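From just these sequences and the hints, can you work out the full model?
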Amino acid sequence: MTAYILHVCIIMVLFSMLSLSLNIAVGMTGLVSLGHAAFFGIGAYASGLMMLCGLPFEVSLVLSGIVTSVFGIILAVPSLRVKDDYLAIVTLGFGIIAVIILMNMDITGGPDGLTGIPPASVFGVALTSKPVYFAFCSSILAIMVLTTSRLKASKVGRAWAAIRDNDTVAMFMGINIYYYKVLCIVISSFWAGIAGSLYAHYTGYINPMTFGMQTSIMILAMVVLGGIGSIPGSIIGASVLVLLPELLRGFEAHQGIFYGALLVTMMVLRPQGIMGKMKVTDIFARGS
Amino acid sequence: MKRFAWVILVGLLISAVVGFTGCTKEKVIKVGAILRLSTGASDGLPAKRGIEIAVDEINAAGGINGKPLKVIYEDSKDSPQASVTAFEKLISMDKVKVVIGPMMSGNTLAVAPIAERNHVVVITPNGTSPKISNAGKYIYRGCTRIDKQAEALTKYAKDKMGVKTVAILYSNEPYGKGCNKLFSKYFNDLGISVVADESFMRGDRDFSAQLTKIKQKKFDLLFIPGYLQETAPAIAQARKMGIDAPSMGVFGDMAPKYIELAGNAAEGHVIAGEYDFDYNTPVNRRFKEKYMAIVKSHKNEPNNIMFAAITYDMTRIVADAIKNRGYNAEAIRDYLDSLKDFDGVTGRLSFDKNGDVVKQGVYIFKVEGGKYVKVE
Amino acid sequence: MYTLVALGYTMVYGILGIINFAQGEIYMYGAYGAVISLSLTGDLALSVLLGIGLSCVVGVLLERVAFKPLRGLNPLISLISAIGASIFLSSSARFIFGPDERPFPVHFESHIYNFLGIDVSMLQIIIMGVSLILMILLYIIVNHTKNGRAMKAVAMDADAAMLMGIDVDKTYMFTFLIGSALSGVAGILMAVYYNTTYPTMGTLPGLKAFSAAVLGGIGSIPGAVVGGLTLGVAENLGAAYISSGFKDAFAFLALVLVLVIRPKGIMGAKR
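Protein chains in written order, with the working numbering: chain A, 1 to 288; chain B, 1 to 376; chain C, 1 to 271.
In short, the hints are calculated from the structure, not lab data. Keep in mind it's a predicted model, so treat the numbers as computed, not measured. Note that CB positions come from ideal geometry on N, CA and C, so glycine has one too. Warning: the hint list may mix true and false statements.
Quick partial rundown of chain B residues pointing at chain C, CB under 7 Å, derived from the structure [as the list claims (entries may be wrong)]:
1) 41
2) 297
3) 300
4) 301
See below:
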């Protein structure tokens, strides 16, 4: 009984990280990304491969975050020229291309995925017990939450908010929007990569299907559901959307019908998200 | 309007929780099953039927040592993550010791480490990757490994069809890619050269680009490994484009649906399958009758007797194991390892040292007159 | 061929400002409507009409339930609603119609004509012809009818349009109606061409059409056409000359490249 519950909890924590990392881009800076799962995947594969090559976990974890940020920068440079909804498409494209590449490369195991990924271990002690891993991931999540709220309240956060509200005005106000946008993407992808690493070493097996568009969209849904721009919201949104399919188990194959209906209903009933505020700048369409 | 919507939301949530916690504590023997019930239901639903037929038979005969057999079904949603979560739920909440499924190699490999750690027997009815053989002591499979299929099919191509050159059009995902690599190797080993090698994605319906490239070469055989939703339209299109070479596929094509979708293009198609419809034993005759009755009364449901046959056999084997040795994983394993000549509808079955099922060789089928007929 | 669905997308987006992820599902329902009515009535013309009718019904319902309450809010919210709707629609289709594929029981004479060195089948000609006719029709509707001009007005400035006496609500509904009808036709054509109908047939085309609409410039009708053609060509060329496994990647790669070079899409948009 508890093993199952812990398993679900661990998944909730990992997706909370993903949701929060996406919220940094979407909610705080106004950069819409429909390909976030690609960062998740890059982190997972990077970390998995590194440990398979013999690197210790602590190193793999951090390195995979960094590797993911590098890819984030690669994505950022061209996409900064593009606005709003067009940005969404570019990120969508990036996500799809990333998956296709993962599926076709042999080092990544191709479509068969990577098997036998060693579990995480700190100071040589393998973290295979669920309660311990849950605690470990939760502490990383806590670090993430703390750093993010700090950032939000700092000069960086204010710059991001200005960019989100209207980046032309922000530019005129003297804010270097390119720098802040790139910074945002670097941080956002870093955390997504970390989540990927933690995921890979938990499940022991990863394959490209897990990191595709469906997952990207789900992460975005978690952000919106929880409240765009709200830190606790991301965690709640992630938890709800991870928990929902589990609660719907009673319905077997009809889960999809209820899941879809519930999603629509929730958006219609509370468009600002669970923790969101009906603040003009947060939720009303830009420029309308 | 909004209030009404709230009522619906709450209602849905309540029914969800009720459905979820509705696990009763009766005196039953619970076994788990992870099948493709939503995406891929074309394969998963017939597999479920196979299990249901077996369970009905077993319970009608008094159950397992007096206790009824109950199978808890979970949906693999074609996702390793969902399969793993389903598996965790089955072993942790329902406390099952044996799971029939998952139905795809990727998902099977995903649950394997967990099964090994927790000592739960996993029998995949149709995961074909060779990696499954080495996935663990508790991992078994109810179908032929893809490389054994490759061996048999390529030999048949050379010996009985006189093939010297082959063009391959494969599905670009784990199954298709694996088949491409594997079959290419076996073809080459027999001196048959692969002159063209193209791929498509799942969900594709237009293969003109790939087929145009293939058409430029000369070949004796067109091999199309993948799932029938794509392989059937592929062969239909190939024929439309004037490609005449005989075709070969893998066991996913062994379904009435393939013939339905491919139409006349299916004629002459050669595959390796797991179940011979015409296998003449009392067990099979009874099974066929029951399955066809279900197909008749459920017109909208996918019809694939092969998947049902495999799960039917596996369920009966599991029930026998529990009946004879008691309900724990090691006992079931011992029973499976020592099983000899089980009277299954898919043949006389036993398991080899890797946990792979052994029948009377690999069955090869060919479409003749719109039906699959066993030729070897 | 992506053009038709792209047109549906572009209309909805250009005028309402929302990305309707569920457009692909509307396309799918159109196809199913036709297939089912065909097996019931055997009359091709009637079935096509019923199919289109079904997709329109689904489209309008979708607009009323999933989009209307969210108007004026951050488009991301409507996006998630659209996704929920898309999941709901494909799951219900699977539930109602069964997960299997259905062949389209109509046979067209498979004449293959040779046109400037390219083999073209009769069916492809029919599809291109229908698409062309619909595009012309759409152009006429948008530019020369009262409702059409109302759509353009609302697209430019919804508040001003309202002040001028245009019923904005009705206009939105009308937009969806046309967009859905287009998708429905596309769905039926696809079902006939590939001889197959199945619950998830709308997902991938929906995505590609969306890309095509953006490629050509969202909000621009000729843009959608150009986008659709470009996407189809790029995809097939890429497949022919480089690895065919990467076919989909090419479509998107082309998209990304174009957007980077010309952020407003090929034909630009007034948005």
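Hints, one by one, checked against the model:
With 7 Å as the threshold, the beta carbon of residue 41 of chain B comes within range of chain C, its nearest partner Cβ sitting at about 4 Å, so the hint holds. Using the Cβ-Cβ criterion of 7 Å, the hint placing residue 297 of chain B at the interface with chain C is not satisfied: the shortest such distance is roughly 14 Å. A cut of 7 Å between beta carbons decides the hint on residue 300 of chain B: the least distance to chain C is about 4 Å, and the hint holds. Of the supplied interface hints, the one on residue 301 of chain B holds, with its beta-carbon coming within about 6 Å of a beta-carbon of chain C, less than 7 Å.
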